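Chemist: Chains as they are written, first to last, in the UniProt record's numbering: chain P, 1 to 182; chain A, 1 to 106.
A hint or two may mislead.
Computed from the model, here is a short list of chain A residues facing chain P with C-beta under 8 Å [said to hold, decoys possible]:
#1 W23
#2 Y24
#3 P35
List of simulated lysine to any residue pairs, SDA-like, C-alpha gap at most 20 Å [claimed, not checked]:
#4 K96/P <-> R89/A
#5 K24/P <-> S181/P
#6 K55/A <-> A140/P
#7 K22/A <-> P26/P
#8 K87/P <-> N21/A
#9 K96/P <-> D120/P
#10 K30/A <-> D120/P
#11 K27/A <-> Q23/P
#12 K176/P <-> K22/A
#13 K22/A <-> K96/P
#14 K30/A <-> A175/P
#15 K15/A <-> Q23/P
#16 K24/P <-> L29/A
#17 K24/P <-> S101/P
#18 K90/A <-> E107/P
#19 K96/P <-> A88/A
#20 K121/P <-> T92/P
#21 K22/A <-> Q23/P
#22 K121/P <-> R89/A
#23 K55/A <-> S101/P
#24 K27/A <-> L50/P
#25 K42/A <-> D40/P
#26 K24/P <-> T18/A
#27 K176/P <-> S25/A
#28 K34/P <-> L29/A
#29 K87/P <-> L29/A
#30 K176/P <-> K55/A
#31 K42/A <-> E53/P
#32 K168/P <-> K22/A
#33 K90/A <-> E108/P
#34 K15/A <-> S42/P
#35 K55/A <-> R54/P
#36 K55/A <-> L39/P
#37 K24/P <-> S25/A
#38 K22/A <-> S181/P
Hints listed in this document are in silico derivations from the structure and should not be mistaken for laboratory results.
Note that the coordinates shown come from a computational prediction; the quantities given were computed from them, not determined experimentally.
Backbone N, C-alpha and C define an ideal beta-carbon position, used for all residues, glycine too.
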Amino acid sequence: MRLFKTVHDYDYSWHMVSAAQWQKYPNEHCPHVKHVDVLDSSVDPETGVLRIERLISVTQKAPGFILRAIGASTTQYVREVAIIDPKEKTLTMNSKNLTLSNILSCEETITYAQHPTCSDKTTFTQQATISAGTTVSRMAGMIEDWSVQRFQQNAVIGREGFAKVLEKFVVLAEAKENSASN
Amino acid sequence: MSSSIGAECTELKQKYDTCFNKWYSEKFLKGDTTPECEDLFKDYKACVMTQVGRKKLPRTQSIKPNTRSSISQVALKEKQIDTLLADARKEAPFPPPSQSSSNSSS
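With the rest of the complex left out, here is chain A:
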């Protein structure tokens, strides 16, 4: 399993990954789409979001301060990758609303 951007989050990530991989093969692909592993994901995500907020980028890649991030985690308010992510999400939400509704036609 791959490691996390924050060394201290890797263990939480691997617990989540193990749960996800089992769910994906044994439930999701077989038609049971009820989410599982949500508690494990919450713990892992909280850890990684703190790390993402702390990572600083070199000066040449720094970006103008964003007006307001839509993500609420305190650590995320700091800067950098979290700001880039917020901008990218606005620019390309994936999937666009029209696409997701056309999926249900089949």
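If we strip away everything but chain P, and leave its shape as in the complex, we get:
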């Protein structure tokens, strides 16, 4: 089992970051994310908390030894559940791979929360647990090492890709606000 964690602050309010987050894909930095589909969306009438379930289709280039182990298919599916609490100003996304889980399981939790002391900043936390299954015990270490490496690379390009989306989103939002107040 391997653990991964990264923390990053965005210099924008939680409102801005959480709204831009829904427009992250398609993203030229993340060509491995092919499709994003919403499966369910509901608001808890008591708490006002929004829950969104999504299915993410991903293709990932992998070394030959991994492709042979998994049957050479490169499209994988991930289920993600996002919980958004507008009062607490938190957006939490839990995701886990649906396919290949007997070979490799990757559970990820991402949180976007208002910065504890600075309300115009947003703290991004990404945590993941990666573990190779028992069916590949002889290769488990190799598969985990490769997966963590790839996860780290994707985390970096994902953040760069989102930063671009966020900047564009902020410019558009500010332009809209200015035109509305004029």
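Following the hints, complete the assembly by docking chain A onto the known chain P.
Modeler: Only chain A this time, still in chain P's reference frame:
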């Protein structure tokens, strides 16, 4: 906007996404949590669920047939991703009931 798993659902998805993004910024974040876009979502979801039921996974990833899926759509009964989804939902409903009740304390 990202495309759908089913090419023929992408247009429906983009209509829904446009509605959702507007609602999220202009209503939801400002405290009006009354859902909108539900009709658009219904059309888009019906399309995507048919696609999800049809997608076949390679033999090595196939799974033992599930006893019964809790989801009612006819197309979903077929197999594969829909079955994996049903299993995942059972295993991890998100959020667990105790968590959602603690949210209301603030």
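Chemist: With reference to the structure, classify each hint as holding or not holding.
Modeler: Cross-check of the supplied hints:
no., hint, result
1, W23, "violated, 10 Å"
2, Y24, "holds, 6 Å"
3, P35, "holds, 5 Å"
4, K96/P <-> R89/A, "holds, 11 Å"
5, K24/P <-> S181/P, "violated, 28 Å"
6, K55/A <-> A140/P, "violated, 28 Å"
7, K22/A <-> P26/P, "holds, 18 Å"
8, K87/P <-> N21/A, "holds, 18 Å"
9, K96/P <-> D120/P, "violated, 31 Å"
10, K30/A <-> D120/P, "holds, 16 Å"
11, K27/A <-> Q23/P, "holds, 17 Å"
12, K176/P <-> K22/A, "holds, 12 Å"
13, K22/A <-> K96/P, "violated, 28 Å"
14, K30/A <-> A175/P, "holds, 19 Å"
15, K15/A <-> Q23/P, "holds, 14 Å"
16, K24/P <-> L29/A, "holds, 18 Å"
17, K24/P <-> S101/P, "violated, 26 Å"
18, K90/A <-> E107/P, "holds, 16 Å"
19, K96/P <-> A88/A, "holds, 9 Å"
20, K121/P <-> T92/P, "holds, 16 Å"
21, K22/A <-> Q23/P, "holds, 11 Å"
22, K121/P <-> R89/A, "violated, 33 Å"
23, K55/A <-> S101/P, "holds, 17 Å"
24, K27/A <-> L50/P, "holds, 12 Å"
25, K42/A <-> D40/P, "holds, 10 Å"
26, K24/P <-> T18/A, "holds, 14 Å"
27, K176/P <-> S25/A, "holds, 12 Å"
28, K34/P <-> L29/A, "violated, 28 Å"
29, K87/P <-> L29/A, "holds, 9 Å"
30, K176/P <-> K55/A, "violated, 41 Å"
31, K42/A <-> E53/P, "holds, 14 Å"
32, K168/P <-> K22/A, "holds, 16 Å"
33, K90/A <-> E108/P, "holds, 18 Å"
34, K15/A <-> S42/P, "holds, 18 Å"
35, K55/A <-> R54/P, "holds, 16 Å"
36, K55/A <-> L39/P, "holds, 15 Å"
37, K24/P <-> S25/A, "holds, 15 Å"
38, K22/A <-> S181/P, "holds, 18 Å"
Going through the hint list in order, the structure does not satisfy hints 1, 5, 6, 9, 13, 17, 22, 28 and 30.
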